[in-house]
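Novice: One-letter residues, chain by chain:
Number of protein chains: 4
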Amino acid sequence: MSKTHIHRIDVHFGDCDPAGIVFFPNFSRWMDESSGAFFLACGVPPWRELLHARGIVGTPLLEIHTRFLKPATYGETIEVHTSIDEWHAKTFRHRHVVRRGPDLLCEGTEVRAFVIRDPDNAERIKAVPIPEDLKALCL
Amino acid sequence: MSKTHIHRIDVHFGDCDPAGIVFFPNFSRWMDESSGAFFLACGVPPWRELLHARGIVGTPLLEIHTRFLKPATYGETIEVHTSIDEWHAKTFRHRHVVRRGPDLLCEGTEVRAFVIRDPDNAERIKAVPIPEDLKALCL
Amino acid sequence: MSKTHIHRIDVHFGDCDPAGIVFFPNFSRWMDESSGAFFLACGVPPWRELLHARGIVGTPLLEIHTRFLKPATYGETIEVHTSIDEWHAKTFRHRHVVRRGPDLLCEGTEVRAFVIRDPDNAERIKAVPIPEDLKALCL
Amino acid sequence: MSKTHIHRIDVHFGDCDPAGIVFFPNFSRWMDESSGAFFLACGVPPWRELLHARGIVGTPLLEIHTRFLKPATYGETIEVHTSIDEWHAKTFRHRHVVRRGPDLLCEGTEVRAFVIRDPDNAERIKAVPIPEDLKALCL
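Protein chains in written order, with my numbering: chain A, 490 to 628; chain B, 490 to 628; chain C, 490 to 628; chain D, 490 to 628.
The hints are simulated quantities; they were obtained by calculation from the structure and are not laboratory data. One should not assume that every hint holds.
Any copy, or any two copies together, can satisfy a pair, since identical chains are not distinguished.
Quick list of in silico lysine-lysine cross-link-like pairs, PhoX-like style, CA-CA up to 25 Å [stated by the list, open to error]:
(1) K579 <-> K559
(2) K615 <-> K559
(3) K615 <-> K579
(4) K624 <-> K492
(5) K492 <-> K579
(6) K579 <-> K624
Build out the structure end to end from the sequences listed, making use of the hints.
Specialist: The structure is reproduced here in structure tokens:
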């Protein structure tokens, strides 16, 4: 469906909560980082350049779904394996698999859309059809 | 079912990303805050006290599912309406509905378990049956 | 000098680290929130409006200095008392005093400047003289 | 004074604010990460082990001072160069120099202490004299 990119993370003290384990919204943050790293690794320009060239602001989230299987803690290195497993007209779906060596820590999907500033209201954003050239870079 | 608690949040500049909208993991953070506020509002003691009294460390996440319908930005006040819509033997499910006035911004569920330190390995945590007295406080 | 604004914060589980106390960068985040709340309370329009009306992007930091006296933990409510104690040609200095009831938890200063996009390079920002009308609103 | 450790950071979209630059408390977070990485690189065991072996919880902050010279944005890689430039009886001072290639982005100091749980009150922490063996590992 797409290339797979591996985003490596060293878990730090401040990423963990009073139970001593990663505070879970950090997993969402790392999946988002991994989404950005995925596109860069595929050769998609940074959003900053796409904004200037084509008005594309980024790929905000429409839906996330994550299952947490094992906790992680500071001092550990984990990996987010990121791909795109579904392409639709105006959305695509990331799959993120988070591993620590052989252990599966969590896995999740993210549904995202490419968006531009709404031409009728600069305060708002608006989904556009998946740009075919950018999609081709990811396959 | 359960009581419903409303957690009010003022969105700040630093909660938003370069697209000018809330960076989505903050919604997970606010839902987590609202879960904690829900239990306190129901009369459940803080985790710190439950840890000393009964070994309960907290209610970590097993699964989250969130749909994002409209973005929010800084200067806005939003509300997380939190309840528990499913109780199982060792897990329960939160429902969080995030509103800005009449607008539905996002809604999500969280499956959580009450956990204790694993008696066989203090580094690990372990789910326990839902404590009936704590559940009763939430209904 | 200036008016003083009080920003109230409920400390949550996820704001704390494995030592069970607030992870200190959160104090910087709360001081930044309090700076934003200070200006709004003084009647300064949100940065979003100032950007459209006058090109002002915000008031980024030039320097911070914070002393931490007592830790805070989740379940506590703390207050950031924010004022401006120095005005210079192109910078001003915030004073933030963080209290929990009678206890002084930390105190800090922030030197900030009002900035616009650099007309020669939209990727960069540039300090401007303190706008006298905005200053007047704060006194 | 001490060894120097270099902590490398890829700046991500979610680390940046609506002005498109790194939200400054992230620099404090990265300096804290770099402090942890410094001690591990010097051979000091993780806090988790020191807690079990010697009751040491970590090295919380007493004071921070940071000057911000140039902003950073997503897509950039930056480095935190961390050392210890002062040792006192119960405190030490980190120096952190943050660079992006030849550019100096910010620099700061952190005064920290090694702490244990207060034997008279497990909710509180207490500074201890700098452990000479741990100091020796850092020189």
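Novice: If a hint holds in the structure, say so; if it does not, say that too.
Specialist: Comparing the hints with the structure gives:
For a Cα distance limit of 25 Å, the shortest separation of K579 from K559 across copies, 16 Å, qualifies, whereas the shortest one inside one copy, 33 Å, does not. In the homo-oligomer, the alpha carbons of K615 and K559 lie at most 25 Å apart only across protomers (11 Å), although the nearest pairing inside one protomer, at 37 Å, exceeds that limit. Only within a single protomer do K615 and K579 lie at most 25 Å apart by alpha-carbon distance; the minimum there is 10 Å, versus 38 Å between protomers. For the homomeric pair K624 and K492, the shortest alpha-carbon distance inside one copy (11 Å) is at most 25 Å, but the shortest distance between copies (46 Å) is not.
When the C-alpha separation of K492 and K579 is checked against a cutoff of 25 Å, the pair qualifies only within one copy, where the shortest distance is 20 Å, while the shortest distance between copies is 38 Å. Taking identical chains as interchangeable, the C-alpha atoms of K579 and K624 lie at most 25 Å apart only when both belong to the same chain, with a minimum of 12 Å there against 43 Å between chains.
The structure is consistent with each of the numbered hints, conforming to all of them.
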